[in-house]
Amino acid sequence: MSVLVYTESDNGKFKKNAFEVASYAYEVAKQLGTTATAIAIQANDHGSLGQYGISKVLKVTNDQLAVFNAKAYADAIVQAANQESAQVIIVSSSSDSKYLAPIIAAKLKAGYIANVVSVPEGTSPFIVKRTVFSNKGFAQSQIDTDIKVLGLLNNSFGLVENSTTASIEAFAPTLEEADFAVKSIEIDKVVGKATIADAEIVVSGGRGLKGPENWGMIEELAEVLGAATACSKPVSDMGWRPHSEHVGQTGKPVASNLYIAIGISGAIQHLAGVSSSKIKVVINTDPEAPFFKAADYGIVGDAFEVVPKLIEKLREFKAQNA
Amino acid sequence: MKILVCISNVPDTTSKINFTDDDTKFDTNGVQFVINPYDEFGLTRAMWFKEKQGATVHVATVGGPGAEPTIRKALAIGADEAIRVNAEPTDGFFVAQQLAEIVKNGGYDLIIAGRESIDYNGGMVPGMLATLLGLNFVNTCIGLEIDGNNVIATREIDGGKEKLGTTLPLVIGGQKGLVEESDLRIPNMRGIMMARKKALNVVEPIDATVATNDVKFQRPAPKGAVKLVDADNVEELITLLHNEAKVI
Ligand SMILES: Cc1cc2nc3c(=O)[nH]c(=O)nc-3n(C[C@H](O)[C@H](O)[C@H](O)COP(=O)(O)OP(=O)(O)OC[C@H]3O[C@@H](n4cnc5c(N)ncnc54)[C@H](O)[C@@H]3O)c2cc1C
Ligand SMILES: Nc1ncnc2c1ncn2[C@@H]1O[C@H](COP(=O)(O)O)[C@@H](O)[C@H]1O
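Protein sequence lines, in the order shown, are assigned to chains U and W.
Using my numbering, the final residue of the first sequence is 343, and nothing's skipped along the way.
Using my numbering, the final residue of the second sequence is 249, and nothing's skipped along the way.
Pulled out of the complex, with its shape left as it was, chain U reads as follows (with noise of 0.2 Å):
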């Protein structure tokens, strides 16, 4: 019996979700008292993981998998977790892992549950807690099947750290024509720059700054924040912003440690899928805005007066604090 956790890399580098599930599958192994196996695939420094608390990582280095495949990756996880007799599987909420999720439970019969925000409240049964209704409430959800599928929000957890010696194998799944019939063709992705679901922080613009050539001040403010850029929903629809960067019920959501909104009215939807962010700011000149009954700061003011003068003193925060 053990917990196996998928550890997610970019260009062979652990992503800081990846020590988030490690953190979490430690906790959870020692609720089951057993321990956590990480499954890396084509990651280096495999050893970093121990200081999360993993005892084991299985290393997956293969050609074959070295740009994403969902299929591909499900297979090679799945017979990680028959190698292991893994009870409990866990994923992070990246886009990658909630495509991957769904796979390895369909092929394991085993039940999963998305957005878990907590380790489990008792694991017989076996109940964790998950947002539901775009955040607008949680579910305490029992799994009842043998092997269980965890996919953990996002900064739900953060990082904890609890140093063991990591033993490092080598692990080489038999992976089947069938598992490349998608197959990758060309990725377009901004690199060096924050994303959505991996930022602490995140800078959001809606219809209050009245067009997309006003963006350069929610970039600069972001750049010295190491922030995310998002959007509201008709600021992607019209065309000023990609529609990547569109947050709320029906967009991606959030789960920062810090979203700060500007121009954003704060209607429901929107509120819906940016609450899980732990802090939340929000400027605008009006101060019956919705956003401001949703948020934890606010300055009523102008955008274009208070986020260039913001800018200005975060610069000198910044240096002060280097």
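What the hints contain is simulated information worked out from the structure, not anything from laboratory work.
Take the hints with a grain of salt, since some may be wrong.
[What the hints assert, rightly or not] In silico BS3-like pairs for lysine-lysine, Cα to Cα no more than 27 Å straight-line:
hint : chain 1 : residue 1 : chain 2 : residue 2
1    : U       : 314       : W       : 247
2    : U       : 339       : W       : 228
3    : U       : 214       : U       : 299
[As the list claims (entries may be wrong)] From the derived model, a few chain W residues whose C-beta atoms are all more than 10 Å from chain U:
hint : residue
4    : 3
5    : 22
6    : 34
7    : 50
8    : 73
9    : 105
10   : 107
11   : 188
12   : 193
13   : 201
As the structure is a computational prediction, the values presented were derived from the model and not from experiment.
Where is the CB? At the ideal position from N, CA and C, for every residue including glycine.
Mind docking chain W with the ligands on chain U? Use the hints.
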């Protein structure tokens, strides 16, 4: 080409979310149910295939009689036939097994589902359905071109997009981008009249595993009042974010 669009019947996005029966059930009182927004994009793309490339479009839902107005709406938008599996959709794995049975019997080439249902946000049905049937699967699909048996699909990834090549039969988990917001259709009078004459077949569920269930619900903790900072004093905001919230 034969297309099945899987439709999830969900509370309208403006719904207030409350729970009853000692917080064990979602309170549907006064809640308006609609086609899951992600499925609306998929349905519109299916209509595009029907009109431009020739296709038959069926819609399916797993749900009680209460889901019928939603599925009728899909017929009014232009689907040819509807199927309702008469069972409460309590668990994604259960729903996937029911839909797998429909797909097996119907011989569909393309199964369009949504990225997730906006109620329970499981994001599990399309991937499970594809895996149960051994079909190709593309999730968070924002573009779909079909030429004969060959498919070029685009999926959204964190920080960008990826172009994928595959073949039919295929299952997708779709979203905005499959069509634009402005292309979404609302049923017109003629569509509504025609929908009345279209078949809505009710089938009984097959025996299937229920893997998960929600034992209790909770509303988010009430939030304290917002702390307002003067627009001329942005330093104070920085101090609060640093010392109090500890997020920068
Ligand atoms: C089915 C459905 C799903 C939806 N899903 C989503 C979703 O996922 N995400 C989403 O965002 N929306 C969604 N919406 C849309 C949502 O209802 C709102 O229309 C939208 O969020 C409004 O965007 P906004 O706040 O940018 O624009 P507006 O509502 O127009 O707000 C602009 C704000 O900017 C302020 N402002 C103006 N000038 C300035 C200035 N100079 N400085 C500072 N502030 C200024 C105004 O006071 C106002 O509050 C959905 C709607 C529907 C029907
Ligand atoms: N009860 C249902 N009936 C038909 N299709 C469903 C049902 N539930 C989910 N789906 C489909 O699966 C997608 C993802 O839903 P979910 O896995 O519930 O988040 C939805 O967008 C629908 O296309």
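To see whether the hints hold, each was checked on the structure:
For the suggested pair residue 314(U) and residue 247(W), the alpha carbons sit about 21 Å apart, so the restraint of at most 27 Å is met. With a C-alpha separation of about 23 Å, the suggested pair residue 339(U) and residue 228(W) falls inside the 27 Å cut-off, and the hint holds. A distance of roughly 21 Å separates the Cα atoms of residue 214(U) and residue 299(U); the hinted pair therefore holds under the 27 Å criterion. The Cβ of residue 3(W) lies farther than 10 Å from every Cβ of chain U, with a closest approach of about 20 Å, so its non-interface assignment holds.
Non-interface call for residue 22(W) relative to chain U: holds, since the shortest CB-CB distance, roughly 14 Å, exceeds 10 Å. Distance check on residue 34(W): its Cβ is at least 13 Å (rounded) from any Cβ of chain U, clearing the 10 Å threshold; non-interface status holds. Distance check on residue 50(W): its Cβ is at least 19 Å (rounded) from any Cβ of chain U, clearing the 10 Å threshold; non-interface status holds. Residue-level check passed: residue 73(W) sits 23 Å from the nearest beta carbon of chain U, beyond 10 Å.
No Cβ of chain U approaches the Cβ of residue 105(W) within 10 Å, the least distance being about 15 Å, so the stated non-interface status holds. Against chain U, the non-interface label of residue 107(W) holds: every CB pair exceeds 10 Å, the least being about 20 Å. Residue-level check passed: residue 188(W) sits 20 Å from the nearest beta carbon of chain U, beyond 10 Å. Against the 10 Å criterion, residue 193(W) stays outside the reach of chain U, whose nearest CB is about 25 Å from its own CB.
The Cβ of residue 201(W) sits about 27 Å from the closest Cβ of chain U, beyond the 10 Å cut-off, so the non-interface label holds.
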